[in-house]
Amino acid sequence: MNLEQKPFFLWRHLNKLRWLVLSLVFMMLVALPFVHVYQTYVASFSYDLLDSDEKELFDIMESLTSPFTDNPADELDAIKGNTWSGNFFGYQISDPLAVVGQTAASLSVYWPFALTALLPVIFTLLFGRFYCGWICPATFLYELNTIAALTLQRFGVRVGHRHFDRRLKYLVLALGLLLSAFSGSVLVSVIYPPAIIGRELYFGIALGGVGAGLVFFVLTLLFDLLVSRRGFCRYLCPGGALYSLLGRFRLFRIRRIVENCNDCAKCNAICEFGLDPLRDDFGQECNNCTACIAVCPTDALTFVSRLRDDENQGPGHLGKKYKHLQQGVE
Amino acid sequence: MKRRLFLKELIAGAVASSALTSSLAEAAFSAQTSQRYLRPPGALAEAEFESRCIRCGQCGEVCPNRCIEYFDFENGVDSLNTPYIVPRTKACILCMKCGQACPTGALQPLERTAEDILAHVKMGRARVEKSLCLSYQGKTCGVCYRACPLQDVGIRVGMLEQPHVLDGCVGCGLCERSCIQLPQAIKIIPQHMLKSSASS
Chain S
1 MNLEQKPFFL WRHLNKLRWL VLSLVFMMLV ALPFVHVYQT YVASFSYDLL
51 DSDEKELFDI MESLTSPFTD NPADELDAIK GNTWSGNFFG YQISDPLAVV
101 GQTAASLSVY WPFALTALLP VIFTLLFGRF YCGWICPATF LYELNTIAAL
151 TLQRFGVRVG HRHFDRRLKY LVLALGLLLS AFSGSVLVSV IYPPAIIGRE
201 LYFGIALGGV GAGLVFFVLT LLFDLLVSRR GFCRYLCPGG ALYSLLGRFR
251 LFRIRRIVEN CNDCAKCNAI CEFGLDPLRD DFGQECNNCT ACIAVCPTDA
301 LTFVSRLRDD ENQGPGHLGK KYKHLQQGVE
Chain Z
331 MKRRLFLKEL IAGAVASSAL TSSLAEAAFS AQTSQRYLRP PGALAEAEFE
381 SRCIRCGQCG EVCPNRCIEY FDFENGVDSL NTPYIVPRTK ACILCMKCGQ
431 ACPTGALQPL ERTAEDILAH VKMGRARVEK SLCLSYQGKT CGVCYRACPL
481 QDVGIRVGML EQPHVLDGCV GCGLCERSCI QLPQAIKIIP QHMLKSSASS
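Top line first, the protein sequences correspond to chains S and Z.
Taking the working numbering, the leading residue of the first sequence gets 1, the next gets one more, and so forth.
Taking the working numbering, the leading residue of the second sequence gets 331, the next gets one more, and so forth.
Honestly, the hints are just simulated from the structure, not real lab data.
Being a predicted model, the structure only gives us computed values, none of them experimental.
For glycine and all other residues, C-beta sits at the position ideal for the given N, C-alpha and C.
Please note that the accuracy of each hint is not assured.
[What the hints assert, rightly or not] DEER-style ranges, computed between Cβ atoms: (1) S:Asp281 with Z:Thr419: 21 to 29 Å; (2) S:Leu251 with Z:Leu524: 53 to 61 Å; (3) Z:Asn395 with S:Trp19: 31 to 39 Å; (4) S:Val218 with Z:Asn395: 52 to 60 Å; (5) S:Glu54 with Z:Ile519: 42 to 50 Å; (6) S:Leu24 with Z:Lys469: 56 to 64 Å; (7) S:Gly90 with Z:Ser461: 45 to 53 Å; (8) Z:Ala377 with S:Ile79: 54 to 62 Å.
Starting from the given sequences, assemble the full structure and let the hints guide the process.
Here it is in structure tokens:
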């Protein structure tokens, strides 16, 4: 066994960083509507007209923001929007699915908007479906949902572990775009969980009422819980389908070091997307979430930069199966 | 004979069901333009607006007046999650921030100048209901005129402060919001309803 092939030690801590990013993005989506409500209070000079709850919000927001700005009505606009399309310190960034959906609905490309998806597309070409693992606000809730499901399972509740065809989501993407083109209205945004989360959080906090999107999202949560673990992302998400297609030949991918592997299959058990790291089958679905790297007891998974996965490298060299094979040869 | 009858019934059933589903689809997908709502300022024409708007909600999130609300199913599936304004609840103050925030061009980016607003903002047009208006009943009021951001361009007042809507009206709805009559004596007729009445 050659020990030079140890993965870079930081890779196994990326999963913690990922949870930090996910929760920061989600907290940002919760905070932005509050910021907006506060801005409207300031803009209307209406402190004396607010009721006690609203005054409380005003006071809290004022104490949080007063060190940074004297003019919150205009100057707190640095971050606006959500992960579907948002303004980040002057840079407009949009989901590629929004651009594809708008193009389908209006049957023409509107370049000023299409270019706002350039940065996400470049990152997806490099890192694959990273958005699904690292940024998507729905992923944050879906992964908590998975943890809840596994906890329930420990107490003897039956949760869903059914498998479907992964290619189903490409059909959903095609149908969503066809529906958008047919209706002349960007309807893919209505079945895309991260867009729904961004909107419904704003509706719920700033406008005082949630819409039908939340019902849809709760249904997907129940689907994940009762039918198939992380089923919506794996089999149905139209955005996931688009990211998978874009990230098929991603430059940075996870690879199994067969010399270090002992066939324990913990990677397969932890994988949210139901992939098969143990047999080198990551494919275009892998979202580089690095949960498998973090869980691997023998440092057998690492990041590499190459355009394709390995073919199945066979049983891990530390496992029993490999030893039997070796003895058989001798 | 029997088989032919069965085939006939089958075909008739198929035709009927396809007609039913297409009419259902039409009911669900075509916007009910009879509803009186305004799109935010600088919006494209209704059909084009729906094909451009990606429902990101940024127009509402920059509105300092929080007058932009979002459709659920009230206006058909096509309008799901698109922004609208009900002027009597809260009217637009023509700050033009929403158009500058809109990434898709569904709301055109406009400057807050009289030229830009008069040239490109077409939310609707105000209409006075004389039988409800106080000024037309001899009780001098003039609140709508004073609320108007485009005085003497969008609206002027005559004798007893009786309002007359002019061609410069962009339909922001501040007059309707401020009308002290109940029900309001001045209403914005949205652009999509103006067009349909003009064409028919």
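| field | Index of numbered hints that the structure contradicts, given in increasing order | value | 1, 4, 5, 8
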